[in-house]
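> Chain by chain, the residues:
Number of protein chains: 2
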Amino acid sequence: MFSEQRSAEVVAASFAGTPDDRLRTVLTSLVEHLHSFVKDVELTEAEWATAIDFLTRTGQKSDANRQEFILLSDVLGVSMLVETINHRAGGGSTESTVLGPFHMVESPPRELGDPIALDEKGTPCLVSGQVTGADGEPLAGAVVDVWQANEDGFYDVQQPGIQPPGNLRGLFRTDADGRYWFRSVVPRYYPIPDDGPVGQLLRATGRHPYRPAHLHFIVTAPGHRSVTTHVFVADSPYLDSDAVFGVKESLIREVPEVDDPQRAAAAGLDNPFRALTFDIRLRR
Amino acid sequence: MFSEQRSAEVVAASFAGTPDDRLRTVLTSLVEHLHSFVKDVELTEAEWATAIDFLTRTGQKSDANRQEFILLSDVLGVSMLVETINHRAGGGSTESTVLGPFHMVESPPRELGDPIALDEKGTPCLVSGQVTGADGEPLAGAVVDVWQANEDGFYDVQQPGIQPPGNLRGLFRTDADGRYWFRSVVPRYYPIPDDGPVGQLLRATGRHPYRPAHLHFIVTAPGHRSVTTHVFVADSPYLDSDAVFGVKESLIREVPEVDDPQRAAAAGLDNPFRALTFDIRLRR
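Heads up: the sequence lines are chains E and Z, in that order.
Going letter by letter, the first sequence gives residues 1 to 284 in our numbering.
Going letter by letter, the second sequence gives residues 1 to 284 in our numbering.
Calculated from the structure, these hints are not laboratory results.
One thing to keep in mind: the hints can contain errors.
It does not matter which identical chain is used: a pair holds within one copy or between any two.
[Claimed, not checked] Distance condition first, Cα-Cα at most 25 Å in a straight line; then the derived SDA-like pairs of lysine to any residue:
1) K248 <-> A12
2) K121 <-> D194
3) K39 <-> A16
4) K39 <-> R24
Same shape as in the complex, but just chain E (with noise of 0.2 Å):
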């Protein structure tokens, strides 16, 4: 029978009967652990109501466009946990990061060189690189898949009616050599959508909602792990200080200013122009 003592206990031998073994594995690790939560610190009733109030509020706030409990699971570093221990890199391949809430389209399909910043705001740049195998061989014909934030801090899919679709992502293909590149713009920072519950724990906890500029990729090639990550912009605030802990040193750039007349012209940029160069190395 329940008790104090017991409690974890009792509610983890109810779980006893569960036909799924991994199931019955994962909800008596949580019991146990959110057991020993509620012990530690001996929460109060009205901690508790608080606590419903405001997990309740996160699954209200969520819609097609809007999904608060990725928001919460982002702010408390369990999003960033997760992708970190289902891919551990190794062997020099290039670090993951976060998802985040926003690839809920398909980027469109372009040419390499094609612009991605359909609504011409922000500060040109050339973003490229190269794909490469485990021991650095090119990958052509590898999947770039990219999407950014506008100037605004806005994606696309925040602003249906005032951005273009598709503004600011771009599905691309890698030529012989396993190179790619673009013209888009220098990516900025932004704020993770606060005006919901998460918002709310943010201010409550003096807690910051921005994320340091970046731009998103997910990379594919045949007979490799694909990679979801994000390169980083080496002057950027909040570097140090990301609302969903997705920064990792390696995945940081400089995006310098580079004069070179003849590269401008061939990239369709006025000279100078700013240059943003990320290579990717998939493992086997």
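Since the structure of chain E is provided, determine the placement of chain Z on it from the hints.
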């Protein structure tokens, strides 16, 4: 910077500026336990996505008449644990148990001896007892708030328009000897609402949704700690597997048949009749 090893530490550090000390303590502990859980089971991305969806639907199932997150807390034993931690009994005082989600309306004040089963279903039963203080002294004028499900397994608030308002609820005051008594029906076991995400969880884990037969009490008296509890019917199914873990040995009572024509007549019941006796002792 974030890493698998340092994840909880990094996230806890983000809460370092929380102005409210208690909130910082609670969140720090929550993050430690939550990250330990994710690491212990090595939660997959698919499992994480299932959890996000489950929690979102749990919020969205809730409304003014349904609180699915409380149900979730109940079936994970969290409600019972919080309740137990916050109301540690002692010195022979009556043990407490969960409030449950159905004390959402004020119980109607009634006179001692009044019937509360306004729908006239079920097996008639005389409920009575004595409220005493820590040394056994009778507490006159103590307030005894009771509520129970009807013969079909529903509380009045679950069936507006079907059950009379205030059915199977009553607010009584003890007499000069600390005694209370009223007419009701023998409580029945019933299922918690299982047409939502919590019901899915119970089915996936081979658990039933039933609570053993019980009658709810909140008893208050000036100068004493109030108690929120149930009395459970001794021969009820599910006494050893209450879906919300509310049963405590000290709260179980027989409901014998009594053959006493005089007492039956005084109570306004046919002889023989069923009798549930539940004395309550409060702490100072």
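> Take the hints in turn and mark each one as holding or not.
Now for the hints, and whether the structure bears them out:
With identical chains, the CA atoms of K248 and A12 are at most 25 Å apart between copies only, with a shortest distance of 18 Å across copies and 37 Å within one. In this assembly of identical chains, K121 and D194 lie within 25 Å of each other by CA distance solely inside one copy; the values are 24 Å within and 52 Å between copies. In this assembly of identical chains, the alpha carbons of K39 and A16 lie at most 25 Å apart whether taken from the same copy (23 Å) or from different copies (22 Å). When the C-alpha separation of K39 and R24 is checked against a cutoff of 25 Å, the pair qualifies both within a copy, at 22 Å, and between copies, at 16 Å.
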